[in-house]
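Just so you know, the sequences run in chain order V and F.
Its first residue numbered 153, the first sequence is counted upward by one per residue in this note's numbering.
Its first residue numbered 229, the second sequence is counted upward by one per residue in this note's numbering.
Treat the hints with care, since some could be wrong.
Rough simulated footprint, nothing fancy, chain V against chain F, three-plus residues with beta-carbon under 8 Å [claimed, not checked]:
#, stretch
1, 340-351
2, 387-400
3, 479-489
4, 497-506
5, 544-553
Once the Cα atoms are required to be at most 35 Å apart in a straight line, the calculated DSBU-like pairs of lysine-lysine come out as [claimed, not checked]:
#, chain 1, residue 1, chain 2, residue 2
6, F, Lys273, F, Lys250
7, F, Lys298, V, Lys198
8, F, Lys520, V, Lys184
9, F, Lys541, F, Lys298
10, F, Lys507, F, Lys432
11, V, Lys346, V, Lys472
12, V, Lys198, F, Lys412
13, F, Lys298, F, Lys549
14, V, Lys405, V, Lys346
15, V, Lys350, V, Lys405
16, F, Lys466, F, Lys520
17, V, Lys184, F, Lys412
A few chain V residues that don't get close to chain F, going by computed Cβ distances all over 10 Å [unchecked claim]:
#, residue
18, Ser212
19, Leu226
20, Ser354
21, Gln382
22, Asp438
23, His460
Bear in mind the hints are in silico, worked out from the structure with no lab data behind them.
Every residue, glycine too, gets a C-beta built ideally from N, C-alpha and C.
Single-letter residue listing:
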Amino acid sequence: MEMTLLEAIRAGLDEAMAADERVFIFGEDVGKRGGVFRVTEGLADKYGEARVMDSPLAESIIVGASIGAACYGLRPVAEIQFADFIWPATNQIVSEAARMRYRSNGVWGCPMVIRAPYGGGIHGALYHSQSIEAFFAHVPGLKVVAPSTPYDAKALIKAAIADPDPVLFLEHKKAYRLIKGEVPEEAYEVPIGKAEVKRAGSDLTIITFGLMLHYALEAAEKLASSAGLQAEVVDLRTIRPLDTATILQSVRKTGKALIIHEDGLTGGIGGEIAALVAEHAFEYLDGPVMRLAGPDIPAMPFAASLEHEYLLSVDDILDKLQAIAAY
Amino acid sequence: MIVKALPVSEQATVLSSDDLRKMFEFMLLARLLDERQWVVNRQGKAPFVISCQGHEAAQVGSAYALQAGKDWVLPYYRGLGVVLTLGMSPEDVMLGVFARATDPASGGRQMPAHYSSRPLNIISQSSPTGTQVAHAAGVGLAIHIRNSIAREIVDDAIAWVSFGEGTSSQGDVHEAMNLAGTHKLPVLFCCENNSYAISVPQHKQMGVQDVASRAAGYGFPGVVVDGTDPIACYEATKTAVERARRGDGPTLLEFKCQRLTPHSSDDNDRSYRSTEELKEMRLHDPLHRYTKYLKDEGILTDVDEQALRARIKDQVDAATKAAEAAAVPDPATVLRHVFAETND
Ligand SMILES: Cc1ncc(C[n+]2csc(CCOP(=O)(O)OP(=O)(O)O)c2C)c(N)n1
Ligand SMILES: [Mg+2]
Numbered sequence: 153m154e155m156t157l158l159e160a161i162r163a164g165l166d167e168a169m170a171a172d173e174r175v176f177i178f179g180e181d182v183g184k185r186g187g188v189f190r191v192t193e194g195l196a197d198k199y200g201e202a203r204v205m206d207s208p209l210a211e212s213i214i215v216g217a218s219i220g221a222a223c224y225g226l227r228p229v230a231e232i233q234f235a236d237f238i239w240p241a242t243n244q245i246v247s248e249a250a251r252m253r254y255r256s257n258g259v260w261g262c263p264m265v266i267r268a269p270y271g272g273g274i275h276g277a278l279y280h281s282q283s284i285e286a287f288f289a290h291v292p293g294l295k296v297v298a299p300s301t302p303y304d305a306k307a308l309i310k311a312a313i314a315d316p317d318p319v320l321f322l323e324h325k326k327a328y329r330l331i332k333g334e335v336p337e338e339a340y341e342v343p344i345g346k347a348e349v350k351r352a353g354s355d356l357t358i359i360t361f362g363l364m365l366h367y368a369l370e371a372a373e374k375l376a377s378s379a380g381l382q383a384e385v386v387d388l389r390t391i392r393p394l395d396t397a398t399i400l401q402s403v404r405k406t407g408k409a410l411i412i413h414e415d416g417l418t419g420g421i422g423g424e425i426a427a428l429v430a431e432h433a434f435e436y437l438d439g440p441v442m443r444l445a446g447p448d449i450p451a452m453p454f455a456a457s458l459e460h461e462y463l464l465s466v467d468d469i470l471d472k473l474q475a476i477a478a479y
Numbered sequence: 229m230i231v232k233a234l235p236v237s238e239q240a241t242v243l244s245s246d247d248l249r250k251m252f253e254f255m256l257l258a259r260l261l262d263e264r265q266w267v268v269n270r271q272g273k274a275p276f277v278i279s280c281q282g283h284e285a286a287q288v289g290s291a292y293a294l295q296a297g298k299d300w301v302l303p304y305y306r307g308l309g310v311v312l313t314l315g316m317s318p319e320d321v322m323l324g325v326f327a328r329a330t331d332p333a334s335g336g337r338q339m340p341a342h343y344s345s346r347p348l349n350i351i352s353q354s355s356p357t358g359t360q361v362a363h364a365a366g367v368g369l370a371i372h373i374r375n376s377i378a379r380e381i382v383d384d385a386i387a388w389v390s391f392g393e394g395t396s397s398q399g400d401v402h403e404a405m406n407l408a409g410t411h412k413l414p415v416l417f418c419c420e421n422n423s424y425a426i427s428v429p430q431h432k433q434m435g436v437q438d439v440a441s442r443a444a445g446y447g448f449p450g451v452v453v454d455g456t457d458p459i460a461c462y463e464a465t466k467t468a469v470e471r472a473r474r475g476d477g478p479t480l481l482e483f484k485c486q487r488l489t490p491h492s493s494d495d496n497d498r499s500y501r502s503t504e505e506l507k508e509m510r511l512h513d514p515l516h517r518y519t520k521y522l523k524d525e526g527i528l529t530d531v532d533e534q535a536l537r538a539r540i541k542d543q544v545d546a547a548t549k550a551a552e553a554a555a556v557p558d559p560a561t562v563l564r565h566v567f568a569e570t571n572d
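Please construct the entire structure, taking both the sequences and the accompanying hints into account.
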């Protein structure tokens, strides 16, 4: 069945709630309204407002109360309305959820999901466009998942809910309705922590995720038709823990690596991946490891011309691919 | 809706003489075990100690109204009296002080007094002040959700959380009380007000006399209790527990007490409390007050007290010895329990 990314996430939530009465959703406007992006639409009617609960407008308690509920034995799915507004909850995520297991020597744990719509290209300006993965990928004890396709999204939200540890689940806002794909009716699984080669190729490797995955696939096709070169495209799917095996296997095969993310360059996840490649695949490299990322400015501006300038395009990626191929 | 709890002499208590003596035992145990921690700190055997001294009446009295293993308890770092009353042993506590592998709270990973016990429903505590108050609201929310799904009270447990008056300035405390008030969650917010946050006195912390007065802004009762009177603390808590179990919602209890020690073993309170103040403070020692009360009432004799002190001293000696002799954590375990292991 064809679904949008958004519908696939909703379908995954629905199945998880049907299967397990401990699962509940807690966030701003998630109830009657079904969330400002409508991801939880219909779920309050189906499961009742106690299990699809509007929270007060306060992010720290959305996460903090979810932690308490998880310790009690429920399976909270917290929604942060926009990833940009997650910062008041940072202490609860980093100091509490991510450390509960370590600090109690394995006695307590926080099986909970924090869903956060992220990313730009929707005229959201500085405070409705941000990518936040780099901040949270630094935190041991927290898993960070960012699916790019409906197929992966449905299975990964279910895997996140079933996971015994806290998972930050990032959903690209522009991809929500733009990206459609086949989702099987029958049950299937996608594990957290596994990247996937979304396009096979032997000339160079692109490592990316989210909306940029789709741009990268387009650029790879253009490169194939214009230059006859085959780019392999690795979709990370999970940002932490990184699937280093899949990344290194591809780079060892192609000898060239380009890492792409929408988030700003400096301190981005691309730096970590570049370091891994340099450390573990140095002798296979046939050129410098390259990064293509957002500019190092505070956040994405509003005016269409400025927003457009901030975001990477298929052509930006194609240019970079040609430069790397020519090296 | 701010209520002043009556002093014990003016109210009836359901507590039997037996209960009153048990509470005394827990208070004395908390005091003697606390004092022992300072000794091992000064001997250079424990790098950090933080005290419950002066808070024993509030902690033992309040925890005595809870059901251990059923209710959910989130005691802040001063809560030695709470965890002992609930059933943690002196050895459990000393294993944490010495950071031993078998420390039940954290296996020596956290500083002492960051309590945790799965069988006692004591949720693991951290150091950032006030985060636990949000977790307590979350436990209350979970109970509320379960009961809503069942359309009846299938779990009448409550969440009990403590914090200092300085911590009441944290946003998490506000967010938690707001959530609890909104859905009438079964949560007891217990503020142990010793009028200092390290060196900062209450008048530099807030513009109100009573933290309890804030409860009105969240739609539930706030009660000021004499936190040096264990019976008053028990009675106020019991009333709040019954209210929460019935589904009538949270209560904010404020126990006024004194911090009889510096903030921690790393603090020197003579740099911000005058000699007169330090002397005056001693008059509010809850243990002295309660001892006198029990003797006046004929519930405790001098002989009883001496025998009890000797017995508790033996207990503390044994706990200290056993904990000190216990194995330190194996360095090879430092990487474990970041995520669930297959046998978790
Ligand atoms: C978020 C945070 N800020 C600062 C500290 C350092 N700190 C530890 S205890 C404390 C004072 C707390 O005072 P209060 O809440 O009144 O509790 P009391 O120690 O008096 O019982 C401070 C500032 C901390 N642990 N966490
Ligand atoms: Mg204080």
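Check your understanding: Lys298/F and Lys198/V: Cα distance at most 35 Å?
Key -> At roughly 32 Å apart (the allowed maximum being 35 Å), Lys198/V and Lys298/F satisfy the hint.
Review point. Can we confirm that no CB of chain F comes within 10 Å of the CB of Ser354/V?
Key: holds (35 Å)
Check your understanding: Would the least Cβ to Cβ distance between Asp438/V and chain F come out above 10 Å?
Key -> Non-interface label stands for Asp438/V: nearest chain F Cβ at 35 Å, farther than 10 Å.
Check your understanding: Has the given pair, Lys350/V with Lys405/V, been kept, meaning a C-alpha gap of at most 35 Å?
Key -> holds (15 Å)
Review point. Are there three or more residues in the stretch 497-506 of chain F whose C-beta lies within less than 8 Å of some C-beta in chain V?
Key: Result for this restraint: violated, n = 0.
Check your understanding: Between Lys507/F and Lys432/F, is the straight-line Cα distance small enough, at 35 Å or below?
Key -> Judged against 35 Å, a Cα distance of about 22 Å means the pair holds.
**Study point:** Outcome, coverage of the stretch 479-489 of chain F by chain V - at least 3 residues whose beta-carbon is closer than 8 Å to one in that chain
**Key:** Our answer is that it is violated, as 0 residues pass the Cβ test (under 8 Å) against chain V, missing three.
Review point. Can the restraint linking Lys198/V and Lys412/F be considered satisfied, given a maximum Cα separation of 35 Å?
Key: OK: Lys198/V and Lys412/F at ~24 Å, within 35 Å.
Point to revise | Cβ contact check, 8 Å cutoff: the stretch 544-553 of chain F against chain V, three residues minimum | key: It is violated, with 0 qualifying residues against the three required.
Check your understanding: Minimum Cβ separation between His460/V and chain F greater than 10 Å?
Key -> Per Cβ check, His460/V is outside 10 Å of chain F; nearest 37 Å; holds.
Check your understanding: Per the stated criterion, does the least C-beta distance between Leu226/V and chain F lie above 10 Å, as a non-interface residue requires?
Key -> violated (5 Å)
**Study point:** Restraint status (C-alpha distance of Lys520/F to Lys184/V at most 35 Å)
**Key:** Answer violated: Lys520/F to Lys184/V is near 60 Å, above 35 Å.
Of the hints listed earlier, those the structure fails to meet are numbers 3, 4, 5, 8, 18, 19, in rising order.
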